[in-house]
Amino acid sequence: MAAEASPLPERASVSWRRTVDERALRSYGRAWTASTLAHVIPFVVTAVALVVIEPWLAPMSALALVQAWVIPELYANRGAKVMRPRKQSNDEGPERTALGLLGDLLGHEQRDLYARTGAVVEPGRLGTWVVGEQGALLVTKRRVHTFCVRVSDPDLPGPDRVSHLVLALRTDELGFATVANRAFSGARWRVRRRLPPRTRPALDHAIGHEGERRS
Amino acid sequence: MARLIRMDRTGHTELATWDAADPASVEAAVEAFRKELDRGYFGMVTTGPGHAEQVTELPVDADTVILRLPISGG
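Chains A and B, in that order, are what the protein sequence lines are.
First residue of the first sequence: 1, per the numbering used here; consecutive thereafter.
First residue of the second sequence: 216, per the numbering used here; consecutive thereafter.
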C-alpha cells in the first residue's frame, strides 16, 4: 500500500489520537508485553515461594500458576473476539448481493479465502491484515495486533461490513489503525487458538504472507 | 456505463448509471452522489489492486463509485 492519497475522514473524530505507524505499533506491543509480564511474574514468584516455604502449599502454588496462565489468555480472548462474525440475517438476498460487491473488490485468492474463512487477507504497509465483520487483525513480524472497528449500521449484511472496512483500509492504512480501537497485542498462537475455527486459516495465510514479505 | 453504488441493508443499491458522453446522465449521477454525501456517506473509488481513494466530487471517468458509511472503533 502506497502513501495515502486521501486521509480517512473518520480520523477527524479521533483527532486526539496519535497516528498509528510502525513505531507506535512497536511501542504499543512492548507495552503489552510489559503489562503481561507485570501480571504473570507476581503469580509465578508467589507459586515458587509457596512451595519453597511450605511444600504442602503446592495446591495453592498450582492455583497461582493457573492465574498466571489465565490472565494473558483472557486478554487474548478479548482480542480474538473482534473476528467473531455477528449473527447472520435470515434473509439471504442482501447477504448474497453484498457478497457480489465484495467479490468485485477482491482478487481471486482473496475471494477464495473469504469464502472459506469469512475474512479478507489484505497486505499492507504495517503488516498483513485479516479483516472481518467487526474488526481486524494485523500480523507483524513477531506478533498480532487486534483492532475493534466497525461500520455504524448494525443491519448491514456481513460482506458489506467487510467491504466497508476493506475500502477504508485501502484508502488510508494508518488512519484505519488510528480510528480502530486496539484490543490486544501479543503472540500469534495465543490469538489463533481463541479465533473461531473457520477464521484460523485466514490468520495462517496472513502469517505465511508476512513471512514471505519479510524474507 | 459507469455506476454509482450505495452499500446498504439490501446488499447494495445502484443509484445511478452514467455515460461520460451523455451530459444528462452525468448530471443525474452528480446530483445523486451529492445527495448521498449530504446524508453522511463517503464516496470511494478503487484506484488499483489494494488501493482506494475517497472522492468528494463524482469522478466522471470512473467505472464504479461506491458509497460507504463511516467506520469507528468498536
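Keep in mind that the hints were calculated from the coordinates and are not lab data.
Hints are supplied without guarantee of correctness; some may be wrong.
Quick look at which bits of chain B chain A covers, simulated, 3 or more residues with Cβ under 8 Å [unchecked claim]:
id : segment
1  : 231-240
2  : 246-253
3  : 283-289
Ranges of calculated distance between the beta carbons of each label pair, as one might list FRET restraints [as the list claims (entries may be wrong)]:
id : chain 1 : residue 1 : chain 2 : residue 2 : range
4  : A       : A31       : B       : A236      : 50 to 60 Å
5  : B       : T279      : A       : R23       : 34 to 44 Å
6  : A       : E73       : B       : D276      : 45 to 55 Å
Since this is a predicted model, take the numbers as computed values, not measurements.
From the three backbone atoms N, C-alpha and C, an ideal C-beta is built for every residue, glycine too.
So, going through the hints one by one against the coordinates:
no.: 1; hint: 231-240; in the structure: violated (count 0)
no.: 2; hint: 246-253; in the structure: violated (count 0)
no.: 3; hint: 283-289; in the structure: holds (count 7)
no.: 4; hint: A31/A <-> A236/B: 50 to 60 Å; in the structure: holds, 57 Å
no.: 5; hint: T279/B <-> R23/A: 34 to 44 Å; in the structure: holds, 36 Å
no.: 6; hint: E73/A <-> D276/B: 45 to 55 Å; in the structure: holds, 52 Å
The earlier numbered hints that this structure contradicts are 1 and 2.
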